[in-house]
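J.: Now for the letters of each chain:
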Amino acid sequence: GAGVSQTPSNKVTEKGKYVELRCDPISGHTALYWYRQSLGQGPEFLIYFQGTGAADDSGLPNDRFFAVRPEGSVSTLKIQRTERGDSAVYLCASSLTGSGGAHEQYFGPGTRLTVT
Amino acid sequence: GENVEQHPSTLSVQEGDSAVIKCTYSDSASNYFPWYKQELGKGPQLIIDIRSNVGEKKDQRIAVTLNKTAKHFSLHITETQPEDSAVYFCAANLLNRGGTSYGKLTFGQGTILTVHP
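Chains A and B, in that order, give the protein sequences. First residue of the first sequence: 1, per the working numbering; consecutive thereafter. First residue of the second sequence: 1001, per the working numbering; consecutive thereafter.
Keep in mind that the hints were calculated from the coordinates and are not lab data. These numbers were taken from a predicted model, which means no experiment stands behind them. Yeah, the Cβ is synthetic: ideal placement off N, Cα and C, and Gly gets one too. Treat the hints loosely; a few may be bogus.
[As the list claims (entries may be wrong)] Computed list of lysine to any residue pairs in SDA-like fashion (alpha-carbon distance at most 25 Å, straight line):
id : chain 1 : residue 1 : chain 2 : residue 2
1  : B       : 1042      : A       : 8
2  : A       : 15        : A       : 62
3  : B       : 1042      : A       : 20
[Stated by the list, open to error] To list a few chain B residues with every Cβ distance to chain A over 12 Å, as calculated:
id : residue
4  : 1008
5  : 1009
6  : 1012
7  : 1017
8  : 1022
9  : 1026
10 : 1028
11 : 1042
12 : 1044
13 : 1045
14 : 1065
15 : 1068
16 : 1071
17 : 1078
18 : 1109
19 : 1114
In isolation and in its complexed conformation, chain A is listed as follows (with noise of 0.2 Å):
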């Protein structure tokens, strides 16, 4: 079946402008992740979602991020006055269920972000 999907695959922006990236979870799948990777470095957490809600928002740099999931399943990721700190790929991943312990999470392909 159709595996976790990002849109754009590539996105580049000027230094303040406001970015939004998107998510296509694995149908069915009521966990809905986002990491994001800097160049040569692990994934790092930013949120994760049980259904709409946002059950952990801890790994949200500031402000300026924020991620909606309205129907439980598509999500956007969106950064406001973007740095070019913020420039690395940016991972989503959703797995069946996210409660009660141990549950395998697949990633999508990523979103490159380039601020300039």
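Mind docking chain B on chain A? Use the hints.
T.: Relative to the frame of chain A, chain B by itself:
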């Protein structure tokens, strides 16, 4: 919070040799340890995982071992092939503030594996 250390950062082997990557974690409550393979320009791909009630798990040429007492786990790849060349990440499950485990992963820094034909 949880901290995961991974080594080596780079590993070069000849085709057919074995490769071993090791990780340590800090939070003794962690209970789930997946391994991911990431190829250039792609997202991480889950290749094997192990849960804390198991000491070893195998899947064809790949095996993972877990030592809960020492808080370390390892990935073993036997009979390596050039297509195994990629970046490998270990990860550990992190408890949330309420103490419930729900799948938030903390990743190691990655190991660049190169298999020479």
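J.: Are all C-beta atoms of chain A more than 12 Å from that of residue 1065 of chain B?
T.: Its Cβ never comes within 12 Å of chain A, the nearest being 17 Å, so this holds.
J.: Please confirm whether residue 1026 of chain B is truly not at the interface, meaning its C-beta sits more than 12 Å away from all C-beta atoms of chain A.
T.: Correct as stated: the minimum Cβ-Cβ distance to chain A is 15 Å, above 12 Å.
J.: Confirm or reject: residue 1028 of chain B is not an interface residue toward chain A, with every Cβ-Cβ distance exceeding 12 Å.
T.: Holds: least Cβ distance 16 Å, greater than 12 Å.
J.: With d taken as the least Cβ-Cβ distance between residue 1109 of chain B and chain A, does d exceed 12 Å?
T.: Incorrect as stated: the minimum Cβ-Cβ distance to chain A is 6 Å, not above 12 Å.
J.: Beyond 12 Å from chain A, beta-carbon-wise, is residue 1044 of chain B?
T.: violated, 5 Å
J.: Does the claim that residue 1012 of chain B lies outside the interface with chain A hold up, using a Cβ gap greater than 12 Å?
T.: Given that every Cβ of chain A is farther than 12 Å from that of residue 1012 of chain B, nearest at about 17 Å, it holds.
J.: Regarding the assertion that residue 1008 of chain B does not contact chain A, is the least Cβ-Cβ distance greater than 12 Å?
T.: holds, 14 Å
J.: Since residue 1042 of chain B was said not to touch the interface, does its Cβ keep a gap of more than 12 Å from each Cβ of chain A?
T.: Non-interface label on residue 1042 of chain B violated, nearest chain A Cβ at 6 Å vs cutoff 12 Å.
J.: Does the no-contact call for residue 1071 of chain B survive, Cβ to all of chain A over 12 Å?
T.: Fine: 17 Å to the nearest Cβ keeps residue 1071 of chain B off the interface.
J.: At 12 Å, judged by beta carbons, does residue 1022 of chain B keep clear of chain A as stated?
T.: Answer for residue 1022 of chain B: holds, closest chain A Cβ roughly 15 Å.
J.: If you draw a straight line from the CA of residue 1042 of chain B to the CA of residue 8 of chain A, is it 25 Å or shorter?
T.: holds, 14 Å
J.: Hey, residue 1042 of chain B versus residue 20 of chain A, does the alpha-carbon distance stay inside 25 Å?
T.: Answer holds: residue 1042 of chain B to residue 20 of chain A is near 20 Å, not above 25 Å.
The earlier numbered hints that this structure contradicts are 5, 11, 12, 13 and 18.
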